[in-house]
Amino acid sequence: MDIVVENLSKSFGPQKAIDNISFQVKKGEILGFLGPNGAGKTTTMKIISCFLFPDAGNVQIGKYSIRKNAYKIKQHIGYLPEHNPLYDDMNVIDFLVFIAKVHNIPHYKITARVLDMLRMCGLENEKQKNIRELSKGYKQRVGLAQALIHDPDVVILDEPTTGLDPNQIVEIRELIKSIGKEKTIILSSHILAQVEATCDRVLIINKGKIVADGTSSELRKSNTDKLLKIAIKGGDTNTVYEALTMLENLEDIEITGENSFLIQTSRKHNIEKDIFHLCETQQWYIKELIPIEKRLEDIFQQVTQN
Amino acid sequence: MKTIKIIIGKELNTAFNSWSIYTGYLLFFCICGFICWLSVSNIFSLGQANMMPFFTVINWTTFFLIHALTMKSVADEKKNGTLELLLTKPIRTNQLIAGKFWSQLFIVLIALVLTLPYYFTMAFLGHIDHGAVILGYFGLVCISSCYISIGIFASSFAKTPVTAFFISLGIGLCFQLLFGILAQQFSSGLAAGLFTYLSISEHFDSLSRGILDSRDVIYFISVIVLFLSLSKLFICKTRF
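Order-wise, the sequence lines are chains U and R. Under full-length UniProt numbering, the first residue of the first sequence carries the number 1, and numbering increases by one thereafter. Under full-length UniProt numbering, the first residue of the second sequence carries the number 1, and numbering increases by one thereafter.
If we strip away everything but chain U, and leave its shape as in the complex, we get (with noise of 0.2 Å):
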């Protein structure tokens, strides 16, 4: 099911949780929702798994609408909240049972498919234990189990990785990626290296606008600026700097090094020419020169702290 949500607005008194947004995301495709705290993250997710009503605008799920069919909606969509409330006073087993009832699972197909999500979400040893006597991360595997039980056809977890070890983040990514193949998923994460490896677009939202939507190879590309990792021997390190701020589409310099330099320049010149022709004439040669990547992290600060 494709999630379509048209310009999106919810306000909590004076304060605007989200401001007009809109985006798609298609069947089979994995989006990592990013942004600040309070940017509108959490709100957007309650608002698709229809516990928040929105001021203005609509989301469509498959041909379901949250304004008119939030019950069929309901039935198609696993949500795992934020903090992950989950009944402390039940054992695993029975929640899970609950869950698989509520969702109309029916009877006899309940006992495989609660044994398959405790096996999936790797909670065979802890299954009888009360819900309250689970560590966190435990518990956010239970929290993972309820929202995917039903088979749902959207999945939107909220910080799915919270109070994991690294092990379990990396079974869950891989949990992610394997559903994520036939089912629409929305996550969120503070864990920018991990939307990068789980998702297959990445979106950033910040101050309740989206700020920055496409893959991360794509934002990396829309970036404008381009850093190069340059050193150059055969002159002193002063003389070869002062050469190169002479240059006409040098943006800033840094001294990096005996003899290297880091360079910022616009992605549409080609300085790399301007570096080679002023390295002939003055007879210093080319020792290095690596183009640097901006990481994930750059471009959210930069996009979220404008």
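Calculated from the structure, these hints are not laboratory results. A virtual CB, placed ideally from N, CA and C, is assigned to each residue, including glycine. Heads up, some of the hints might be wrong.
[To be verified] Some residues of chain R that are not near chain U, with every Cβ distance over 12 Å (derived):
| no. | residue |
| --- | --- |
| 1 | Phe106 |
| 2 | Ile128 |
| 3 | Phe138 |
| 4 | Thr196 |
| 5 | Val217 |
[To be verified] Chain U stretches covered by chain R per the calculated footprint, using a threshold of three residues with CB under 8 Å from any CB of chain R:
| no. | region |
| --- | --- |
| 6 | 74 to 81 |
| 7 | 177 to 185 |
Model the placement of chain R on the given structure of chain U, informed by the hints.
For chain R alone, coordinates are given in the frame of chain U:
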């Protein structure tokens, strides 16, 4: 209906897996048993097989028991965030409230059913008006339903169970006591009529005397529907 049953099952499972419900029952039977059989004004001192004083005791005991029972129903779900979990599942707000209501009523009904030996004992000791007893129990179920709906309303309105307890106790006392007192103070006129009609004990009295009046039944149904509708309103309000 299936969803309501699932919620009732879950609520009862949770309730009977906790010690608090058994403590509540124990307290209920200690108070009822002491006042009815052991205190100075026990049932034998009346000299007749009459369940009326006993119904008054049950009425007051269930009054406190119900507010303690219902205070957590929605407020706890809000506090723990499980309301978000439930409302993002295919559960309608009506079904959630109905599930909570029927499960609480079931818990109270068990307490009432367990008082039936009192009635059997009294029927064995003297000639008892069976019709009045049946209607008395019916009245107790109606009153309990009203207080449960008030409790669920307070729980959906308040942010914490303790606040919910005091709100429902306050509203409950208005229906149980205050409206009756106000009706007496006004003695006549429209206000007196209004407060007499609003007083829950006025309607219960006629039932426990063995008089079944449709006005009483309509009153009880109106109170239940009003407070359950208000509960729905407040639960939905948190989603806007």
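Practice prompt. Quick one: work out the minimum CB distance from R/Thr196 to chain U and report holds if it exceeds 12 Å, violated otherwise.
Written response: holds (42 Å)
Worksheet item: Minimum Cβ separation between R/Phe138 and chain U greater than 12 Å?
Response: holds (33 Å)
Fill in: Within 8 Å of chain R (C-beta), three or more residues of the region 177 to 185 of chain U
Violated - the region 177 to 185 of chain U has 0 residues with a Cβ nearer than 8 Å to chain R, which falls short of three.
Discussion item. Cut-off 8 Å, C-beta pairs, minimum 3 residues; does the coverage of the region 74 to 81 of chain U by chain R stand?
Written reply: Holds: 5 residues of the region 74 to 81 of chain U have a Cβ under 8 Å from chain R.
Worksheet entry | Minimum Cβ distance from R/Val217 to chain U greater than 12 Å, as the annotation requires | holds (33 Å)
Fill in: Nearest-CB test (12 Å) between chain U and R/Phe106
holds (17 Å)
Worksheet item: Since R/Ile128 was said not to touch the interface, does its Cβ keep a gap of more than 12 Å from each Cβ of chain U?
Response: holds (42 Å)
Of the numbered hints listed earlier, the single one contradicted by the structure is hint 7.
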